[in-house]
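Taken in order, these protein sequences are the chains called A and B.
Just so we're aligned, residue 0 is where the first sequence starts under numbering that gives the first Met the number 0, counting upward by one.
Just so we're aligned, residue 0 is where the second sequence starts under numbering that gives the first Met the number 0, counting upward by one.
Worth flagging that the hints you see were computed from the coordinates, not collected in a lab.
It is possible that some hints are incorrect.
Simulated pairs of lysine to aspartate or glutamate, EDC-like, Cα-Cα distance not exceeding 20 Å [as the list claims (entries may be wrong)]:
| no. | chain 1 | residue 1 | chain 2 | residue 2 |
| --- | --- | --- | --- | --- |
| 1 | B | 163 | B | 255 |
| 2 | B | 348 | B | 319 |
| 3 | B | 227 | B | 67 |
| 4 | B | 356 | B | 339 |
| 5 | B | 334 | A | 319 |
| 6 | A | 334 | B | 327 |
Partial pick of chain B residues on the chain A-facing surface, computed with a CB cut under 8 Å [unchecked claim]:
| no. | residue |
| --- | --- |
| 7 | 371 |
| 8 | 372 |
| 9 | 408 |
| 10 | 449 |
| 11 | 453 |
| 12 | 464 |
Where is the CB? At the ideal position from N, CA and C, for every residue including glycine.
Protein chains: 2
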Amino acid sequence: MQFVPTILCGGVGSRLWPISRQHHPKPFIRLSDGQSLLQKAMLRGAKLDGAIEVLTVSNRELLFKLEDEYREVNHAQIDTSFILEPFGKNTAAAIACAALHIADVHGPATILLILPADHLISNQAAFEQATKQAIHLANDNRLVTFGIKPDCPQTAYGYIEASKNNVLRFIEKPSREKAQAYFESGKFLWNSGMFCFKASTMITALREHCPDILSATQRCIEQSPLVKGRSFSQLALDAASFDLIRDESIDFAVMEKASNVAVVPCDIGWSDIGSWDAFSELLDGDENGNRIDGHAITHHSANCYIKSDSRIVGAVGLNDLIIVDTPDALLVADKNRSQDVKHIFSALKLQNHDVHKNHTTVHRPWGTYTILQESDNFKIKRIEVKPGASLSLQMHHHRSEHWIVVSGMARVVNGSEEIFVRVNESTYIPAGHQHRLENPGLLNLVMIEVQSGQYLGEDDIVRFSDVYGRA
Amino acid sequence: MQFVPTILCGGVGSRLWPISRQHHPKPFIRLSDGQSLLQKAMLRGAKLDGAIEVLTVSNRELLFKLEDEYREVNHAQIDTSFILEPFGKNTAAAIACAALHIADVHGPATILLILPADHLISNQAAFEQATKQAIHLANDNRLVTFGIKPDCPQTAYGYIEASKNNVLRFIEKPSREKAQAYFESGKFLWNSGMFCFKASTMITALREHCPDILSATQRCIEQSPLVKGRSFSQLALDAASFDLIRDESIDFAVMEKASNVAVVPCDIGWSDIGSWDAFSELLDGDENGNRIDGHAITHHSANCYIKSDSRIVGAVGLNDLIIVDTPDALLVADKNRSQDVKHIFSALKLQNHDVHKNHTTVHRPWGTYTILQESDNFKIKRIEVKPGASLSLQMHHHRSEHWIVVSGMARVVNGSEEIFVRVNESTYIPAGHQHRLENPGLLNLVMIEVQSGQYLGEDDIVRFSDVYGRA
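With these hints in hand, go ahead and build the complete structure from the sequences.
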């Protein structure tokens, strides 16, 4: 049976700060095998028999990063479509948009399989079995949830009381005592956030249980331009009308109220990697139970998780600690409080400090830049441009730029000149000069940029033309 | 009475890693008032009535750093002399060298006041009182120690059992029980490592208790060139003959054996800042007892010390932890194990890892360089040259260098050319070209250097001439 795996890629994952940031959220975290959670979710859906395309609902700012991620792993070249949100609006809006869009494009009888982008499922075979059952139930006009068999009395998830495929009731995150009782009874399942239904079934349910969300979503989609290519489509949601959709979870808006809900109990090696504690369990421990990703020296330390890309970590007399180091921010946390990392993220957001938002390496449609050092009157960046990519034709009022190519080859427009700059060559862009940087080659271009001037803000830029539509 | 404050600046202070490193040892650590421990020790001696010069015994590699440190604070322009060791050799050798040298230069009756470079003394008035008493006793041909009145039952120091100014016995670092008994009895003092004696008294004691050390030291000084200027002298100890001096502490070699030892009991606000725990106590705590030097966000954390120059630290659920962050290494340690930090240092030394030796910012006679990024085929440095300073005339076989001036002004010899490079100007030094960089100005020169080549080791350098004698 044909269906559309639909990846929900929203939310930040603030409990996984400092790796997770607003512009580099949790689904983009790479695991030790080199794949991101997002890539795993996409492949998980794409591999299923009958998947006709992969639809992704995410923030519009993340589009080029999503495309980069998919390009890396989409060897089977399944079609990829996107619904682009101007800002986050909970799961009811995202799922309503997806259902209406799929009904438009593929017909109302088309089945959607909703997969959050930031979960891990280790047993693909069991997952495939479960989706087959879910699609079967969805075809019978049921709204299908996936219920995970608990392996501990978790208090961080909602529960479903089930009898075979029938949902008896949905339960909010329980107290520790209740969680223990649910776990022991064997009749309760974790509510995983994965769903399966026909587009028409969901639209009917929305009409019945939250008609305001359905009608606001319909109006929003009417206002939103749809771009269609040979192997992709992009629906860019209109901000003003999107803002009018009520902020609600699909569980509360529909699932808990509908009578045609079903559940597929499954044991698929599921984890939502909700904290650094859960994340650390993906790694094997040493003889003292320390799990180390990077270079660390431990002394009288046990059961710690240490993640550091470049810095050396010395650990003395530590127990049950989490240490996560990044170029501009460091987390040290008690494992038993790893859920509380979100409070650090919130505090940084409140201070409007950039470390809640960006890494020192910033992704752009054309590649990346990394700030190596900043000072009052100069800034040094490492710029990496993808093969064939091009920055906008631009000009700065207050800063000059020295460019030194250290790998690959650059084509540079500098005022009225156009030149090639090779490895170990440099060029100089005076303030006020129109310029453009391109990588005409087949390898990545790596360039060191030294900016000099009295004002070095990213907003001192005039764009004349831009292949990514930013002019 | 005239005397020579003699600063012993040896040892690494490995318990204060990662701030303390082999080439940037503990005395160079700066406190929150901007002064280093070394500068404080030097001023402590220089301020005393009767100080005729300050003599420093230290490693020869540290000379230019010592001179820089002293220049910064030596407003009274007291003469500074140096005995330069080719490597560390414990306190007997250092003190024997100092005594013989001072006897030669100022006469055998001259008094030396031995001050370790890495201690803190908060009560200068009490210290002055104590030194007056010590000098008086030294003038009576006594070998004087300074005994600190204990304020807790420390196990990290040796003790002196005293009766007035008389030493009854020296005691090695005691067990916890014995330390408690000593502390309670009120008759015991900490052995501080500060001493006072006439040069001739020490020479006589060395002849009696360790004649081999005296004669080996005499032979070493005979082999060692003495350079004298108007306001300084430098005795550069000959490595081969210095190596023949027995490695011994002055306590074991002389003090514990001599009968003419005296002690000055004192309460001078002394600390040897022997660990991060002690170091942290220099800072005031917040309402949860957290002492924070840098930008940290704490959540359910208490009694922690967090030091971070540039990175943001998030602390969740931590108690009694020490977190010290530097550009290339991070320490996280239980306060109760802060003595054990030395094991991390030793492990890194064993691995021959550069983080036990250097910081990313390396001091040179002409200024500093900081490695901003390293890769296989390029390296980026921030180079800061002091006014009037000059690097050697040099050449590299395997790397080219791009230089961009971001502050100040450079004079550059590049092959047969000599040019000035101003702010926001650049120049290029091809591999194989003789070149020299100078700062002819009155302000610091700051330059970004991008090295490009297949081999980027610091040893790819041919020096043709060097004002610091390194050619």
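Each hint tested on the structure:
1. Distance restraint check for residue 163 of chain B and residue 255 of chain B: the Cα-Cα separation of roughly 17 Å lies within the 20 Å cut-off, and the hinted pair is therefore satisfied.
2. Simply put, residue 348 of chain B and residue 319 of chain B have alpha-carbon atoms about 27 Å apart, too far for the 20 Å limit, and the pair is violated.
3. Only pairs whose Cα atoms come within 20 Å are accepted, and residue 227 of chain B paired with residue 67 of chain B is accepted, the gap being roughly 19 Å.
4. For the suggested pair residue 356 of chain B and residue 339 of chain B, the alpha carbons sit about 18 Å apart, so the restraint of at most 20 Å is met.
5. Proposed proximity of residue 334 of chain B and residue 319 of chain A is supported: the alpha carbons are some 16 Å apart, at most 20 Å.
6. As the CA atoms of residue 334 of chain A and residue 327 of chain B are separated by approximately 25 Å, the hinted pair breaks the 20 Å bound.
7. Using the Cβ-Cβ criterion of 8 Å, the hint placing residue 371 of chain B at the interface with chain A is satisfied: the shortest such distance is roughly 5 Å.
8. Annotation: residue 372 of chain B was flagged as interfacial toward chain A, and the flag holds, the nearest CB pair being 5 Å apart, inside 8 Å.
9. Because the smallest distance between the Cβ of residue 408 of chain B and any Cβ of chain A comes to about 14 Å, over 8 Å, the interface hint for this residue is violated.
10. Taken as an interface hint, residue 449 of chain B checks out: its beta carbon lies about 5 Å from the nearest beta carbon of chain A, inside 8 Å.
11. Given the 8 Å rule on beta carbons, the hint for residue 453 of chain B is violated: about 11 Å separates it from the nearest Cβ of chain A.
12. At about 27 Å, the closest approach between the beta carbon of residue 464 of chain B and any beta carbon in chain A exceeds 8 Å, and the interface hint on this residue is violated.
Violated hints for the displayed structure, listed by number in ascending order: 2, 6, 9, 11 and 12.
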